[in-house]
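Trainee: Sequence:
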Amino acid sequence: MNKNFAMIGGDLRMIKLAKILAEEGNKVNVYGLEKAEELQNRKNIIFGKEWKETIQNADIVLGPIPFSKDGKKINSPYSEKVISIQEFLDHTKNKIRMVGNFKFPNEELTKEQGEIIDVMKREELVVLNAISTAEGTIELAMHHTDRTIQGSKILIIGFGRIGKVLAKKLTALSAYVTCTARKEEDLAWIRTYGYQGINSNRLEKNLSQYDIIINTVPHIILTKERLQNVKQECLLIDLASAPGGMDQKAVEEGEFKYIWALALPGKVAPVTSAEFIKDTIDHVIKELKDEGKIKC
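In this note's numbering, the protein residues as written are -17 to 278.
Read the hints as simulated data drawn from the structure, not as lab findings.
Don't take every hint at face value.
[What the hints assert, rightly or not] The list that follows gives simulated cross-link-like pairs (lysine-lysine, BS3-like), each with its CA atoms no further than 25 Å apart:
# : residue 1 : residue 2
1 : Lys77     : Lys9
2 : Lys77     : Lys1
3 : Lys77     : Lys63
[Said to hold, decoys possible] Computed Cβ-Cβ distance ranges for the label pairs, DEER-style:
#  : residue 1 : residue 2 : range
4  : Pro225    : Lys25     : 42 to 48 Å
5  : Ile241    : Thr205    : 30 to 36 Å
6  : Lys85     : Gln22     : 31 to 37 Å
7  : Glu69     : Gln191    : 49 to 55 Å
8  : Glu106    : Glu6      : 15 to 21 Å
9  : Leu270    : Gln210    : 48 to 54 Å
10 : Arg173    : Gln22     : 50 to 56 Å
11 : Pro225    : Lys63     : 26 to 32 Å
12 : Ala224    : Lys17     : 24 to 30 Å
For glycine and all other residues, C-beta sits at the position ideal for the given N, C-alpha and C.
Could you build all of it, start to finish, from the sequences and the hints given here?
Mentor: As structure tokens, then:
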């Protein structure tokens, strides 16, 4: 059964998602995407000029991924409109809402607004997004170093979902990969997979050997003191959300080659990322139907 979606704001992967949904026969009412030329004059895609006409018949409201970058307005790079978080919440209050990386600005809103489904907390989407993030990271490394990946000594800080996928892909390219972790069980898994392992608390003396250091942990690991052990020509890539995993002031003062690479899936593989999001939305809708919370 086809559904009626309202899509508010979002980046390139949300534009690709709108196209996929429309091609499947769903109605997609978009707002805050007026600069998305590839959605113009497409069957089943309707540009709303006002909130009411965009939202009123929607079964499900789709918000941006990530939802906001500053905690005040929603992420809408394809719009001239400035859409506040409060505005989004007020207009969609009685709808089923799916967004990514959502946080209420304050406790009062949490009590008033009810449920908002954060698809980026769904394990299937987080794991699949790790693929795009890993490939995008490798692309950055190839572009910003004067060495081949093969033979390079690469340190991956953190052995979560992204760290695991990244280590596998880099090893396949014949890099010498070392991964860090705090827990002994994770260090055991690192060795089991055939990588070198270092406890995250004991990095100081080992940092000078690496050509590329990639951080996946949203906590400052490369402090000013630790950065003093990193060689000048080392490429630093930080994949972690704010505050990141590297002391940015020290990085700037040390004049390192540094990239804070946020939201890579939407930049390097928007179509694939949109397909992953679509699959996740389908899973959520099925669960809501099974629970009797939705009929569409």
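Trainee: Between Leu270 and Gln210, does the beta-carbon spacing fit 48 to 54 Å?
Mentor: Since Leu270 and Gln210 have Cβ atoms about 52 Å apart, the given range 48 to 54 Å holds.
Trainee: So does Pro225 sit 42 to 48 Å from Lys25, Cβ to Cβ?
Mentor: Holds, since Pro225 and Lys25 (Cβ atoms, about 44 Å apart) stay within the stated range.
Trainee: 24 to 30 Å was suggested as the range; check whether the CB atoms of Ala224 and Lys17 agree with it.
Mentor: Given a distance of about 26 Å, which is inside 24 to 30 Å, the answer is holds.
Trainee: Do Glu106 and Glu6 keep their Cβ atoms within the hinted range of 15 to 21 Å?
Mentor: With Cβ atoms ~19 Å apart, the hint holds.
Trainee: If you draw a straight line from the CA of Lys77 to the CA of Lys63, is it 25 Å or shorter?
Mentor: Answer holds: Lys77 to Lys63 is near 22 Å, not above 25 Å.
Trainee: Are Glu69 and Gln191 spaced within 49 to 55 Å by their CB atoms?
Mentor: holds, 51 Å
Trainee: Taking 30 to 36 Å as the stated bounds, is the beta-carbon spacing between Ile241 and Thr205 within them?
Mentor: violated, 19 Å
Trainee: Does the Cβ distance between Pro225 and Lys63 fall inside 26 to 32 Å?
Mentor: At 29 Å between Cβs, range holds.
Trainee: Does 31 to 37 Å hold as the CB distance between Lys85 and Gln22, or does it fail?
Mentor: holds, 33 Å
Trainee: Quickly compare the C-alpha distance for Lys77 and Lys1 to 25 Å and report which way the hint goes.
Mentor: Holds, at about 22 Å.
Trainee: Does the structure keep Lys77 and Lys9 at a Cα separation of 25 Å or less?
Mentor: Since the Cα atoms of Lys77 and Lys9 sit roughly 16 Å apart, the hinted pair holds (cutoff 25 Å).
Trainee: Between Arg173 and Gln22, does the C-beta distance stay in 50 to 56 Å?
Mentor: holds, 54 Å
In summary, the structure is inconsistent with hint 5 from the numbered list given earlier, while agreeing with all the others.
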